[in-house]
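The listed protein sequences correspond, in order, to chains F and E.
Going by my numbering, the residue at position 185 of the first sequence is 185; the numbering climbs one at a time, nothing skipped.
Going by my numbering, the residue at position 292 of the second sequence is 292; the numbering climbs one at a time, nothing skipped.
Please keep in mind that the hints were generated in silico from the structure rather than gathered at the bench.
All C-beta atoms in this analysis are idealised placements derived from N, C-alpha and C, irrespective of residue type, glycine included.
Check the hints yourself; a few may be wrong.
Taking CB as the label site, the calculated pair distances span [stated by the list, open to error]: (1) Arg201(F) x His61(E): 38 to 46 Å; (2) Pro121(E) x Ala89(F): 58 to 66 Å; (3) Arg257(F) x Pro50(E): 53 to 61 Å; (4) Ala40(E) x Arg280(F): 46 to 54 Å.
Once the Cα atoms are required to be at most 16 Å apart in a straight line, the calculated EDC-like pairs of lysine to aspartate or glutamate come out as [as the list claims (entries may be wrong)]: (5) Lys278(E) x Glu261(F); (6) Lys269(E) x Glu95(F); (7) Lys269(F) x Glu254(E); (8) Lys269(F) x Glu261(E); (9) Lys269(E) x Glu254(F); (10) Lys278(E) x Glu250(E); (11) Lys278(F) x Glu254(E); (12) Lys78(E) x Glu64(E); (13) Lys269(E) x Glu264(F).
Some chain E residues near chain F, calculated using beta-carbon distances under 7 Å [stated by the list, open to error]: (14) Phe231; (15) Leu247; (16) Leu258; (17) Leu259.
2 protein chains.
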Amino acid sequence: MRIVLDAMGGDHAPGPIVEGAVEAVQGEPGLTVVLVGDQARVEAELARFPDAPRARLPIVHAAEVVGMDEKPVEALRKKRDNSISRSWALMAAGEVNGIVSAGSTGAMVASALFNAKMFLPGVRRPGIAAIFPSHQGPVVIVDVGANMNARPEDLYQYGVMGSVYAEQILGVDQPKIGLLNVGSEDAKGTDLTRSTAALFRAGPMHGRFVGNVEGRDIYDGNARVVVCEGFVGNVLLKAGEGAVEFLFSELKQEMARLLPEIPEEAGGKIIASLRGLKRRYEYHEYGGGPLLGIRGSCIICHGSSDARAIKNALRVASTLATDRVNDQIIRDLEAAPRVEEVAPPPKGEAE
Amino acid sequence: MRIVLDAMGGDHAPGPIVEGAVEAVQGEPGLTVVLVGDQARVEAELARFPDAPRARLPIVHAAEVVGMDEKPVEALRKKRDNSISRSWALMAAGEVNGIVSAGSTGAMVASALFNAKMFLPGVRRPGIAAIFPSHQGPVVIVDVGANMNARPEDLYQYGVMGSVYAEQILGVDQPKIGLLNVGSEDAKGTDLTRSTAALFRAGPMHGRFVGNVEGRDIYDGNARVVVCEGFVGNVLLKAGEGAVEFLFSELKQEMARLLPEIPEEAGGKIIASLRGLKRRYEYHEYGGGPLLGIRGSCIICHGSSDARAIKNALRVASTLATDRVNDQIIRDLEAAPRVEEVAPPPKGEAE
Numbered sequence: 001m002r003i004v005l006d007a008m009g010g011d012h013a014p015g016p017i018v019e020g021a022v023e024a025v026q027g028e029p030g031l032t033v034v035l036v037g038d039q040a041r042v043e044a045e046l047a048r049f050p051d052a053p054r055a056r057l058p059i060v061h062a063a064e065v066v067g068m069d070e071k072p073v074e075a076l077r078k079k080r081d082n083s084i085s086r087s088w089a090l091m092a093a094g095e096v097n098g099i100v101s102a103g104s105t106g107a108m109v110a111s112a113l114f115n116a117k118m119f120l121p122g123v124r125r126p127g128i129a130a131i132f133p134s135h136q137g138p139v140v141i142v143d144v145g146a147n148m149n150a151r152p153e154d155l156y157q158y159g160v161m162g163s164v165y166a167e168q169i170l171g172v173d174q175p176k177i178g179l180l181n182v183g184s185e186d187a188k189g190t191d192l193t194r195s196t197a198a199l200f201r202a203g204p205m206h207g208r209f210v211g212n213v214e215g216r217d218i219y220d221g222n223a224r225v226v227v228c229e230g231f232v233g234n235v236l237l238k239a240g241e242g243a244v245e246f247l248f249s250e251l252k253q254e255m256a257r258l259l260p261e262i263p264e265e266a267g268g269k270i271i272a273s274l275r276g277l278k279r280r281y282e283y284h285e286y287g288g289g290p291l292l293g294i295r296g297s298c299i300i301c302h303g304s305s306d307a308r309a310i311k312n313a314l315r316v317a318s319t320l321a322t323d324r325v326n327d328q329i330i331r332d333l334e335a336a337p338r339v340e341e342v343a344p345p346p347k348g349e350a351e
Numbered sequence: 001m002r003i004v005l006d007a008m009g010g011d012h013a014p015g016p017i018v019e020g021a022v023e024a025v026q027g028e029p030g031l032t033v034v035l036v037g038d039q040a041r042v043e044a045e046l047a048r049f050p051d052a053p054r055a056r057l058p059i060v061h062a063a064e065v066v067g068m069d070e071k072p073v074e075a076l077r078k079k080r081d082n083s084i085s086r087s088w089a090l091m092a093a094g095e096v097n098g099i100v101s102a103g104s105t106g107a108m109v110a111s112a113l114f115n116a117k118m119f120l121p122g123v124r125r126p127g128i129a130a131i132f133p134s135h136q137g138p139v140v141i142v143d144v145g146a147n148m149n150a151r152p153e154d155l156y157q158y159g160v161m162g163s164v165y166a167e168q169i170l171g172v173d174q175p176k177i178g179l180l181n182v183g184s185e186d187a188k189g190t191d192l193t194r195s196t197a198a199l200f201r202a203g204p205m206h207g208r209f210v211g212n213v214e215g216r217d218i219y220d221g222n223a224r225v226v227v228c229e230g231f232v233g234n235v236l237l238k239a240g241e242g243a244v245e246f247l248f249s250e251l252k253q254e255m256a257r258l259l260p261e262i263p264e265e266a267g268g269k270i271i272a273s274l275r276g277l278k279r280r281y282e283y284h285e286y287g288g289g290p291l292l293g294i295r296g297s298c299i300i301c302h303g304s305s306d307a308r309a310i311k312n313a314l315r316v317a318s319t320l321a322t323d324r325v326n327d328q329i330i331r332d333l334e335a336a337p338r339v340e341e342v343a344p345p346p347k348g349e350a351e
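This is chain F alone, in the form it adopts within the complex (with noise of 0.2 Å):
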C-alpha cells in the first residue's frame, strides 16, 4: 500500500506530518509514504528520527505550498510546483493509492474535482464527510462542503459511500442512514430531499434507511450516517464546532469564577475532567475527514493536525485505499435505483 502525504500542509508543517509518516510506517509494515514537498526541509525532519525505515518514505520534491489563507484555484494556478498538486499528480499516475493532506481543504477539493478520472466509477460528485458525536458513538456526515449544487443522486451516492465509511473505519454493523431535514415526514424539506428519500426508498439501500433526521437528532445516533447537501453540511460542521468552543470557552469562565472558592485538589480534578472532555470533541482519531468517491482514497486532515492525526488519517486512507472497499462501493452505486424511475412524494407543507 502506498499513501502520498503532503508533507507542507498542515498549520506546523512539515514537523508533526513527517513525524506522523514516521509513526505511520514504523506500525504498517506493508505501508510506503510518500512524502511530497521541500527536498531540503522533509529530508532534516526525517534527520530526528534516525530509527525510520527510509525506503518506505521516499520524498517527491515540490518547491511551492498553497497557503491556508489563499484562494484555492487561483493559487493552484499561479504555483504550478505546490505540494497538493505534485501529489495528486501522483494519484493521476496510478503511483500511489491514496493521499493525504492537512493542508488547504479548498485546493485538495478543487485538485480533486479537476479531473473526473479519479472519481470512482459511477460517481458524479465526491463529497467529504466528517464525523459529529453522538450518544451511539461517532456519526458521519456527508457532504460538508465539496458540493454547492447537489442532486439527489449524489446523496443517494453519499449515503452508500459513508456507509462503507462507517463500517470500515467505524466499525459500525450495518449503518442506518438518515437524511439531514426539517421535520420527520416524506413530505417536508424541499425537492432535493423528497427525490433522495424517494430515491432511498425505492433501491437496495431501503432497509437501512431510516428517513428524515433533524438537526436535533443527529445526536442521538439512531442514524449512523447522515447526509445533506455541501452547503448545510459545511455550515452545521463549522457551526458545531463554534458551538463546541464557545460553550468551553463560557465553561472555563464560570470555572474561574468558583475556583477560588473550592479546595484546590478537587478544582484540579475538574479542570482535567473537562479538558479530557473537550478534547473527545476533537476527532484526532479518525485523522480527518475523507473525500468520498475518489479512486483509491483521499483523506483531508485539520490543519491543526498533530503527528497522531496524521498517522491515523494514513491508517484510514491505507483502509479506505483497498480494492475490497472501492470495488464494495462500485457495486453499491452500481445498485442505486435511476432518478428518472422513481416518483418523488408530493410537496408537502411549510415547517
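Chain F is already provided as a structure; the job is to place chain E on it using the hints.
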C-alpha cells in the same frame, strides 16, 4: 395595545400560558391580552388570580386544539374551531395588534402564510427569527424554517427585519448583518448567496453588511443579524439545541463520576454553576421567535414555555406591533435595491 394569545398552545397549556398573560397585563397598564381557548378551562385558570385585571383579559372561545404532533395543514383543515385559527381570525379582522402562541410552529406559520393580506406591505415571504448566543451578546438568525424556497430578495428582507428586531428587542445599535455561507469571499457558496450579497452591497444596508459569516463565526457576534434560507437555519437551530443538550448530558455524566471524589460543598457549587450556565441557553428571556414580516407582530414560543417566557413574549409582541416599528420596516423594505438591477458577483470556487 391588544395582543391575542393562544391559551391552549404549549406542552403545559393552559396553566402557565394564562399565568403569563396575567403577569403581562399586571406589568403593563396599556396592555390587553385576548385569551383564545376553551372558555371553561381558561376561566378556571384565571380564577387562580383574583387580583387579575379581568377587563384586560377577555376570553374568546375555541373548542379545539392543534396537537404538537399533528400535521399542521391537515389539522387546521379538520379542526375548524382551533385556537390558532381563531387567534389569526382576530388578527385578520384587525381586532388585535399582535399574536402569540406556544403551540404548533407549523400551524402558526401555515396560518400566517395562508393569507398574504397579513404580510407587511412589500414582504414576499415572512421568516422566523431565532436567538443564538455569542461572545458579544445575542445574535438573530433569520430564517429558521418558514421559507423553504428563499430568493435573494427574501434574505435581504430578513436582514432588514432582523435588524429592526435586534435594535428594538435586543437593544443593539445599528446591528451588523451577515450572510451565512461556506467561506469568506463573496464568490463562495450558491447562486442564492452570491445574489443576496450583491443586493446588500448595492442598497442602503451596505454599511451594515459585513459579508459572509461561516458557521463558526456566528459565535463571535461580529454580525448580530445573520440571514440564511429556512432549510439551513432550521437545521442549524435544531443542531445547536442538540449539541448543547448532548454536551450537558456528557458534562453531567462526567460530574457524576467526579462528585464522590470532591467535598460536598464544592460539588454543590459546581452543580449550581453548571445549571446556571445551561439555563442561559434556554432563551426564556426573549420569549420565543418572532415570525417577521407580519402586520403587527407574531411571536412563536417554544412548546415548553413557562409563565415567564409567555410574559416576555407578550412584551416583545407589544414592542414589535407598534406603528413606529412596522413603519420603519416598511420604509426600509421600500428602499431595497431591485434584484433585476443588481448583478451578482461571478460564480466562485468549490469550498
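Query - CB-CB spacing for histidine 61(E) and arginine 201(F) relative to the 38 to 46 Å hint - result: Because 44 Å falls inside the window, the suggested range holds.
Requested in this report: Can you let me know if the beta-carbon spacing of arginine 257(F) and proline 50(E) is within 53 to 61 Å?
Outcome: 43 Å, violated
Query raised in the report: Does lysine 78(E) pair with glutamate 64(E) here, judged by a C-alpha cut-off of 16 Å?
Result: It holds: about 10 Å lies between the C-alpha atoms, which stays within 16 Å.
Query raised in the report: Does leucine 258(E) pass the interface hint, meaning its C-beta sits closer than 7 Å to a C-beta of chain F?
Result: 6 Å, holds
**Report entry** leucine 247(E) as an interface hint toward chain F, with CB separation required under 7 Å
**Finding:** With Cβ-Cβ at 6 Å, under 7 Å, it holds.
Query raised in the report: Between lysine 269(F) and glutamate 254(E), does the CA-CA distance stay at or below 16 Å?
Result: 11 Å, holds
Query raised in the report: Within a Cα-Cα threshold of 16 Å, do lysine 278(E) and glutamate 261(F) meet the stated pairing?
Result: At roughly 21 Å apart (the allowed maximum being 16 Å), glutamate 261(F) and lysine 278(E) break the hint.
**Report entry** Straight-line alpha-carbon gap lysine 278(E) to glutamate 250(E), limit 16 Å
**Finding:** Holds, at roughly 13 Å.
Query raised in the report: Does the nearest C-beta of chain F fall within a distance shorter than 7 Å of the C-beta of phenylalanine 231(E)?
Result: 6 Å, holds
Query raised in the report: When you check the alpha-carbon spacing of lysine 269(F) and glutamate 261(E), does it fall within 16 Å?
Result: 9 Å, holds
**Report entry** When the least beta-carbon distance from leucine 259(E) to chain F is tested against 7 Å, hint result
**Finding:** With a minimum Cβ separation of about 10 Å from chain F (threshold 7 Å), the hint on leucine 259(E) is violated.
Query raised in the report: Taking the beta carbons of alanine 40(E) and arginine 280(F), is their distance inside 46 to 54 Å?
Result: Given about 53 Å between the Cβ atoms, the range holds.
Checked against the numbered hints given earlier, this structure breaks hints 3, 5, 6, 17; the rest are met.
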